[in-house]
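S.K.: Listed below, chain by chain, are the residues.
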Amino acid sequence: MKHDSQAERFDVIVIGGGHAGCEAAAASARMGARTALVTKSISDIGVMSCNPAIGGLGKGQIVREIDALDGLMARMADRAGIQFRILNRSRGPAARGPRAQIDRRLYQRAMQTELATYPNLSTVVGMVDGLILQEGQVSGVRLHDGRAVLAGAVVLTAGTFLRGVIHIGRKRIAAGRVGEAPAELLGRNLESFGLAVGRLKTGTPARLHQRTIDWDGLERQPGDSDPEPFSFLSDGIATPQVDCRITRTTAATHDIIRDAFVDSPLRTGAIVGHGPRYCPSIEDKVSRFGDRDGHQIFLEPEGFDTELVYPNGVSTSLSESAQERFLRTIPGLERVEIARYGYAIEYDYFDPRGLFPTLESKNLCRLFLAGQVNGTTGYEEAAGQGVLAGINAALRSSGATPAVLERSASFIGVMIDDLTSRGVTEPYRMFTSRSEFRLSLRADNADFRLTPVGTSLGCVSGGRTAAFRMRELETSEVARKLSGLSATPQMTRSFGIDVKEDGVRRTAMELLARVDVCFEDLIRMWPELSNSSASARMQVETDAKYAVYLDRQNGAVSDYRARLAAKLSPDLDYRSIPGLSNEIRSRLLKAKPLTLGHAYEVEGMTPAAMTLLAAYAKRGEAGA
Amino acid sequence: MAESDTIFALATPPGRSALAVFRISGAQAGYVLEMLSGRAVPEARRVVLRAISDPDSGERIDTGLATFFKGPASFTGEDLLELTVHGGRGVINAVSSILRRFEKVRTAEPGEFTRRAYSAGKFDLAQAEAIADLIDSETEFQRRQALRLLDNGLGRRAEVWRQSLLQIAVELESVLDFSDEGDVGEAQVEGLVARAEELRLEIVRARDAGARSLALRNGFTVVIAGPPNVGKSTLFNLLAGSELAIVTEYAGTTRDLLSTDLDLDGVPVKLVDTAGVRVALDPVEAIGVERARSAIGSADLVVRLQSGDVDPFDEAAPGDLVVWSKADRFAPPKGVIAISSVDFDSISKLIKSIRERALNTVGDGSEGLLTRQRHLDALAISADALGRLIEASRGNRLELAAEECRDVNVALGSISGSFGAEELLGAIFARFCIGK
Ligand SMILES: Cc1cc2nc3c(=O)[nH]c(=O)nc-3n(C[C@H](O)[C@H](O)[C@H](O)COP(=O)(O)OP(=O)(O)OC[C@H]3O[C@@H](n4cnc5c(N)ncnc54)[C@H](O)[C@@H]3O)c2cc1C
Chain A
1 MKHDSQAERF DVIVIGGGHA GCEAAAASAR MGARTALVTK SISDIGVMSC NPAIGGLGKG
61 QIVREIDALD GLMARMADRA GIQFRILNRS RGPAARGPRA QIDRRLYQRA MQTELATYPN
121 LSTVVGMVDG LILQEGQVSG VRLHDGRAVL AGAVVLTAGT FLRGVIHIGR KRIAAGRVGE
181 APAELLGRNL ESFGLAVGRL KTGTPARLHQ RTIDWDGLER QPGDSDPEPF SFLSDGIATP
241 QVDCRITRTT AATHDIIRDA FVDSPLRTGA IVGHGPRYCP SIEDKVSRFG DRDGHQIFLE
301 PEGFDTELVY PNGVSTSLSE SAQERFLRTI PGLERVEIAR YGYAIEYDYF DPRGLFPTLE
361 SKNLCRLFLA GQVNGTTGYE EAAGQGVLAG INAALRSSGA TPAVLERSAS FIGVMIDDLT
421 SRGVTEPYRM FTSRSEFRLS LRADNADFRL TPVGTSLGCV SGGRTAAFRM RELETSEVAR
481 KLSGLSATPQ MTRSFGIDVK EDGVRRTAME LLARVDVCFE DLIRMWPELS NSSASARMQV
541 ETDAKYAVYL DRQNGAVSDY RARLAAKLSP DLDYRSIPGL SNEIRSRLLK AKPLTLGHAY
601 EVEGMTPAAM TLLAAYAKRG EAGA
Chain B
625 MAESDTIFAL ATPPGRSALA VFRISGAQAG YVLEMLSGRA VPEARRVVLR AISDPDSGER
685 IDTGLATFFK GPASFTGEDL LELTVHGGRG VINAVSSILR RFEKVRTAEP GEFTRRAYSA
745 GKFDLAQAEA IADLIDSETE FQRRQALRLL DNGLGRRAEV WRQSLLQIAV ELESVLDFSD
805 EGDVGEAQVE GLVARAEELR LEIVRARDAG ARSLALRNGF TVVIAGPPNV GKSTLFNLLA
865 GSELAIVTEY AGTTRDLLST DLDLDGVPVK LVDTAGVRVA LDPVEAIGVE RARSAIGSAD
925 LVVRLQSGDV DPFDEAAPGD LVVWSKADRF APPKGVIAIS SVDFDSISKL IKSIRERALN
985 TVGDGSEGLL TRQRHLDALA ISADALGRLI EASRGNRLEL AAEECRDVNV ALGSISGSFG
1045 AEELLGAIFA RFCIGK
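Sequence lines, in order, name chains A and B. At position 370 of the first sequence the residue is numbered 370 (our numbering), and the sequence of numbers has no breaks. Going from the second sequence to our numbering is simple: count from 1 and add 624.
Worth double-checking, as some hints may not be accurate.
As the list claims (entries may be wrong) - List of simulated lysine-lysine pairs, BS3-like, C-alpha gap at most 30 Å:
id: 1; chain 1: A; residue 1: LYS500; chain 2: B; residue 2: LYS728
id: 2; chain 1: B; residue 1: LYS694; chain 2: A; residue 2: LYS567
id: 3; chain 1: A; residue 1: LYS481; chain 2: A; residue 2: LYS500
id: 4; chain 1: A; residue 1: LYS362; chain 2: A; residue 2: LYS590
id: 5; chain 1: B; residue 1: LYS694; chain 2: B; residue 2: LYS728
id: 6; chain 1: A; residue 1: LYS590; chain 2: A; residue 2: LYS567
id: 7; chain 1: A; residue 1: LYS567; chain 2: B; residue 2: LYS728
Stated by the list, open to error - Covered stretches of chain B (in silico footprint by chain A; criterion: 3 or more residues with CB under 8 Å from a CB of chain A, positions within the stretch not fixed):
id: 8; stretch: 686-693
id: 9; stretch: 804-810
id: 10; stretch: 1012-1023
id: 11; stretch: 1026-1035
Claimed, not checked - Between beta-carbon pairs, the in silico distance windows are:
id: 12; chain 1: B; residue 1: GLY815; chain 2: A; residue 2: ARG552; range: 26 to 36 Å
id: 13; chain 1: A; residue 1: GLU583; chain 2: B; residue 2: VAL671; range: 39 to 49 Å
id: 14; chain 1: B; residue 1: SER681; chain 2: A; residue 2: ASP224; range: 34 to 44 Å
id: 15; chain 1: B; residue 1: SER681; chain 2: A; residue 2: TYR600; range: 36 to 46 Å
id: 16; chain 1: A; residue 1: ASP291; chain 2: B; residue 2: GLU810; range: 19 to 29 Å
id: 17; chain 1: A; residue 1: SER192; chain 2: B; residue 2: ASP804; range: 19 to 29 Å
The set of hints was computed from the structure by calculation and includes no laboratory data. On a predicted model such as this, the values are computed, not experimentally measured, just so you know. The beta-carbon is built from N, C-alpha and C at its ideal position, and this holds for glycine as well.
Isolated chain B, as found in the complex (with noise of 0.2 Å):
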């Protein structure tokens, strides 16, 4: 993590509003810019549209709004690009992505934007000490979040991964300080590889099930199904258009299905709507009823609509959310969820128990580790370094091992705290007897 690095960071709450601004400042702002835009970098303090597009496939992603100011007269006294876009998660995942690829880029560092405008004395005192205690909140932060993965599994397995580096660490500096002790001896490198590739192994492992679980985090999707005439799109466009729920990408039609996403309340959720599925009755429709069922076996919680005049179209699976809809007209039974289109207080309570259902599936981001994408990016660098660290012990190059395994130590600490010098000659004055 350089501090040369151009950063970037959403500076609107993700899922929360129609736009969302990107903030990009460093000596690449202006690249960044040119190459997302295909044109020069705009007068600064203008606001300018611009289509914004991959610079690598070409293919358009939004237009958006840029705002280009130079350095030192900007927020960091760097070089600053504000970004608008839409605030769909297709839109800031393309662009976040893109942004990543640049080299000298990469994401944030919490309070890094506030540390960068300190350095470049853009405070008084005064301004200071308030951001002071900005930046000092943003570490509790982190400490609780330190403290919550402690007890969750993923913190041990950080603390696993640590001590399995402080252990490569202590065979690859034992050989390069202490080679001309009896106790020492030869470097054992092909135990230092194997461990190596494991750990990587391992890390590699938990990227990809964090870059999983950083998908699903970001669309908890449910599906309204049930026999026709339900009330499936009656409670489609309610759900919509609850004052609860903040539309963030207007509804579409994605495969003959209809679907919009939402934020209830800071939890993302896609809602699918089955509409206009019936028994098959020609080979059409049957390709629409498929289509359904799909959605339904692959959602993450299905909302089982019925009511008492239609007859049940499918079995509520186990999970499944039943809900009777027309309450008003025709009395559910007693003791299930029962909705009516004009009695908004229960088109609130679903959203409630839905929300509810989506918190427990996916948890509520407290657990913090690997559903951040800073941790993701960590566990990236990571590996990489890992593999030039087992590439440089292979060919006994053990000096150049042994800086590939300094970054990876700075990487993991920022999951799971790094070791220090002095840690390190502990351990190896713990495992060697070392002393001429």
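Just chain A, with the same shape it has in the complex (with noise of 0.2 Å):
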């Protein structure tokens, strides 16, 4: 292959400035690697393609680990959010999930801003066509206007852009987002290399004009009274805050979606691609859940500088008219005018099995992917891949070993677990429910699980280490007081605590783990405890409620550990494992399996099979 000698060279780079793609970038940068983010134009960066929120329950828990692993998204959403709340805040904090609502404009000029200032990273601009390969070894990247951009590893974060199709009514426009055209020749040139392609779909609502809607009339969401920031860095939010409003369909406006039904790409059968379950259109809800009298809309400002309005709950294909009729039948949006209509989009994913769970390619040496192109959906699951993607890309491009994210201690390890050794049949999204330890797995903690991993892997600064540090000690000096505190029975009854009279000392750490019992009760039995800080007491007396059940799920995050952790080499050769059947051979020659765990998970494996490829596991760790 021939090079231009002035192509740029750099130690990694990353196609695509979306959420996988920014937080890739930084990762990368954060690790030491000179870093290129690729982006087909500047303005790009830090978009966010669909609703104006981040986080949520199970993504507000991503967005923690993100932080705690050093990355943006919940510093820059912290200083463009305009509405923040934690769901389930009446509900045991294993249960919470911080969301807010984003300025749009205020969100992609921070992330610019922050990308700024990171000293090794460079913005270059320009449409990816494809990948440059040397010795089966991916290498860099051509662009559109011929340049070629060269590295010792790629990050491919190209979202909805892989031949993306937009659906509105009977019309199909080649697109990777609305008004933005599609990455055509990049998916091409990636499925001649073997990658398993697919297509999945997805949709968004109409944006609304906020001066053509009632919005006074309408019942208002408002945020919580004392926004909670997602960072662990983050003091406070300066920004103002709004409220949302609340409406929903009638069935006037179900008639009008039945009747505009035959013209829905969905019916006339022009998306073959898999949506989410999850997030049906108003016309899958309308036909699936008929019987209801309504479905609930949540009116979201997209900024406060900006009187754009997205309805959401009401993601579309119909056509424009339709979408028109259907909306104003919705109470308060009788005089509505549209910004932007809605559409459905249809895009290439490659199946997530081919990857190793370090997000690698199992074909491609050297192409790490993150995001949309891995099956998933949401801002959130997008970004949490790209931390991993741009870690592991620069260990790659410096000769080191990438690193994978344990199921049992993140979210973001359970969704590439999940991705890696499943695949997806739908646009993946988490979901608390997803994970076997949610106890452990907090919005409340992702810094005691994660901080320390990024601080050994290199990827977070000097200024966070040290805040995590005084956290940690923080908390474990009020743990050591609580358990050095003790008091009678009598003592804890004329606090009004109701303790059996036992005769029984019981220590502060004790008394903390009833459910009748708060810190605020033990500082009134041990004044000395009021000078320790906020965070320090919630943290210690959330771990106290949760400690019986988390002294159980450790026993089984040891035990899964144990059992699935046993390595497997990528290079093994099972044709040359005698006793393994012809069908489970060829699956694990493509699966690569690096760990029994993921052996496991290989459609139509045996516990036979199992036992043969433990002792090659049990063989590669004694070589190794």
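Using the hints, put the two chains back together into the complex; each one sits in its own frame.
M.R.: Given below as structure tokens:
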């Protein structure tokens, strides 16, 4: 292959400046790698394609995990958030998820400003048309204008752009987002390397002009009065806060949608890709849940210096005229003007079972994939993968071994494990029920779970490491104090805590584990406890309340690790293992499992075959 | 079911031999021996004689041989105890139930010893292949067992439990994951608690019934009845002495009745002789008659012995196996089962018909489900976890309730198959219109 000798050379190239791309580029740069973020235009950096919100149940935990690894999303959201809420606030800490409405423009600006502060991160503007390979390994990218950029590893985060097609009614438009050209050539180029390609679909609702909405007549949905930031490093929220509004579809809305359904690309068969079950279009909702007398719609401002409103809950690919007609049957929207019509988009994704859990392609060495291209949906999911892909691309290009995030220690790990071992049949989104370790994977302790991991990998800045050490120290200090203080039943009862009169002294820690005791009660009993930080108190209290369950779960976690962590070589020649059926043999050759746990997920796996592999896993370890 | 638990299993087939060997593997093995014997763990790999008692009550159970292997120099690579006791069911049951009472000690899953040995790197590849076949056949056995479960009613019941648990999970998880969706709304705690309570009761009931049927399976009681001098004791000794019957516990008198435990080709039978019972002549004898009558009343099968030279003592009840003895000397009526102490064939035939009757009554164990201790254990774990689930739900701690639900799913899963995240999400999306 001929190269322009003037070709620019980096350690890591990231294709695409969406949520996965920004995090990947920043993580790679934090690792010390000279990094190029290749984007088709500067204004694409940090764009939110769909709803103006970040976080939620499951997703909010991922945002905190990204922050714990010193990623960007949490801090950017804190700078751009215009309505913060902790979902499930009335429930236990393990059920809570932080969420915020975001001002799109502020977010983009914050992201672009932040990336500019990274000294070893350069932005290259250009459309990537294909990969450059050297001796079967990815060594760079070719841009549409003919330039080549070279690097030791490449991260692909092209989102919904690979052969993207937009559907509105019977119209089909080739695009990666509305008004943006798709990446046709890159899609074809990647397929030619033998990556397994599939099609998925997602959709977005129309955008509305607020001045044409009867805003004040609708039910208010305010944010929390004391907004809680996403980032462990933010001290507070400086942006002004706004309310959302709530309305519902009506019987008349449903009639119009039913009539218009004949022209829907879902009905005409124009769309082949699967859409998410949990994020159906309004036409799906009406056909599947026609018995409901109305479906809730959240009217979310897209920012406070814009008057665009995002109607959450009515994503659609019906024709423009049908969209206009059905929206106007909704209370508050009788006179609504549409700024941009809703649409569905179909795009290529690559079967994530073709990835190692490091997010490196099994087919193409030195190529890492993150975000929507792996079959996920959502900014947080994309960003979470981006962080790991960036870290690993930097490790790979420096000759080090890429890292894996454990399923038992983070939602990011759960997601990547699900993706790489099971693949997807619909766009993958995080739900807390996907994790068997929900009580320990909480939003409040993401830093305890991941910051030390990030520090040892080298992707956490000194400032954050120091801040975390401080918090860790304060927390363990409070815990130590609580274990040292104890009270007789008599004394405890005199403070209104109903313990048994059994003569047994109970430590402050034991008392705190009870449902009916909170830290303030302990301060009443031992006033000297009041000089500890609020964050440490809260952490110790949460841990104490879950302690019994966590002990049980830690048993499960360590068993789980021991069983599944045994390593398999990716170069293992399964043909040489006697006793495996041909079918399993070929599946294993394709899957290239890295651990016994991954092998276990291979379709058709039997206990007998697992037993055989276990022998090789042991061998591998002994040889390593 | 944790991998770090200490596991135990009977290494000898139950009811087949005079001695029974328990294998206990895991971190607790040494501690278990200390508690059972009241003495320190012996030197590794040395066979020692130990008195075995119930550590809670102090009651002496048996005297047995103990061999302790220190991991990793053991079959499983873990600390391993081999405990040999007398093979009687009483002893085996007592030891099993004591072992189960230890924390972090449980009955082994099929193939679990082998698997542990495996992960400790105890085999080379050739051995591994042989063992792979073994584990596979275990799995095949489980599969067949599961299939049988499906068409015998119990399987359908297990499926109903599974569905019921899935609905409980939907209720909990929909609130935890989708409370911000308009269609989900607030938790329906009362309905959830009612459903969980119903499921718990059903499981408790099934567990109790299972425990009863397990007890029945462990002792199919056959009582030999008949007037004096009809040949009851002779028959008792013939049965107990036959090559087809393995004596697992030697005869002794229980409440004036002579009984022995037999293994009739895999079917455990308790044989009871009511010898010496006749029409009560005095008050002391009357007590003996009463005991014989009550043994007959609670028997699973009565062998009603008659012969041409004595008058029948009691009417044969329907279901009794009427047998004519002394057939070589007094010709029995046509068409009845006839035996003679000199005709071994006739005794073998009788043993076969007793075995058949036993199998017809308690089944051959192939219906699986609740006659397996493992399943009863799983039901007990499920019932406990459901109890905690109900408590947590009442306190509105749904994230804790969901955790208990996960445990029930794993435990019940060993009977009915558990559900995974995708199936659960599918059930949520089918019930609620999710999608902002
Ligand atoms: C119409 C629509 C509806 C959606 N609806 C939802 C929803 O309801 N809920 C939800 O959670 N998520 C939704 N999403 C998904 C969400 O926007 C994505 O999951 C998320 O943005 C993915 O992030 P990413 O970094 O993988 O890709 P993107 O954010 O799409 O970023 C990809 C970037 O790569 C750049 N790029 C692509 N190809 C090239 C190339 N060849 N050369 C140079 N640059 C390139 C693009 O310019 C873009 O900046 C929707 C997305 C769309 C488009």
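S.K.: Next, verify each hint and record whether it holds.
M.R.: Hint-by-hint comparison with the structure:
1. A:LYS500 to B:LYS728: holds (28 Å)
2. B:LYS694 to A:LYS567: Holds, at about 27 Å.
3. A:LYS481 to A:LYS500: At roughly 23 Å apart (the allowed maximum being 30 Å), A:LYS500 and A:LYS481 satisfy the hint.
4. A:LYS362 to A:LYS590: The hint holds at about 9 Å.
5. B:LYS694 to B:LYS728: holds (19 Å)
6. A:LYS590 to A:LYS567: holds (17 Å)
7. A:LYS567 to B:LYS728: The hint holds at about 28 Å.
8. 686-693: violated (count 0)
9. 804-810: n = 4 at 8 Å, threshold three: holds.
10. 1012-1023: Coverage by chain A holds for the stretch 1012-1023 of chain B (5 residues, Cβ < 8 Å).
11. 1026-1035: Since 3 is at least three, the answer is holds.
12. B:GLY815 to A:ARG552: 26 to 36 Å: holds (27 Å)
13. A:GLU583 to B:VAL671: 39 to 49 Å: holds (48 Å)
14. B:SER681 to A:ASP224: 34 to 44 Å: violated (59 Å)
15. B:SER681 to A:TYR600: 36 to 46 Å: For B:SER681 and A:TYR600 the Cβ distance comes to about 44 Å; the hint holds.
16. A:ASP291 to B:GLU810: 19 to 29 Å: Roughly 20 Å apart at Cβ, these two residues keep to the hinted range, so it holds.
17. A:SER192 to B:ASP804: 19 to 29 Å: Since the Cβ atoms of A:SER192 and B:ASP804 sit about 43 Å apart, the hinted range of 19 to 29 Å is violated.
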